[in-house]
Amino acid sequence: MNIGFDHSPHGTSACPIEPIDARSLARCDRPIEHVPTYGERIANRALKAETMVARIMYRQMAKADVKIQGAVCRSEIDSDTKASLGEASAILKDAMSFYLAVHDDQASDSGRL
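The letter at position 33 of the sequence shown is residue 32 when you use numbering that gives the first Met the number 0, and the numbering goes up by one with no holes.
Hint data in this document are derived by calculation from the structure and do not stem from the laboratory.
Bear in mind the structure is a predicted one, so any value in this text is a computation, not a measurement.
By construction, the Cβ of each residue, glycine as well, lies at the ideal position given by its N, Cα and C atoms.
In silico DSS-like pairs for lysine-lysine, Cα to Cα no more than 25 Å straight-line:
#, residue 1, residue 2
1, K66, K92
2, K81, K62
3, K47, K62
4, K66, K81
5, K92, K62
Simulated restraints, written as ranges between beta carbons of each label pair:
#, residue 1, residue 2, range
6, A89, V52, 22 to 30 Å
7, T80, M51, 30 to 38 Å
8, A42, A82, 42 to 50 Å
Please model the entire structure based on the sequences and the hints provided.
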């Protein structure tokens, strides 16, 4: 038990100090909120940055695929070039489907991808 001192006009006297319950500091009807640690904040920032870069890369892949499809449709390109562009388009589509599989919940939430 901790001992505190009570200062009064009649002098100082020792009195017991009751331990403070963490719930009494917060409102009793609400649970105590978790305050993120420094490491958790750094990890959250890194995750947000990674997500932002991944979304940018997805958009770049989509733009590249559109340009490849436009090039394939031109008649002045020989058949070997069209085949190579088709393979490149298939690789981009695989990468984009992999992104959507990994980030499926974010893509469905945002609706912008």
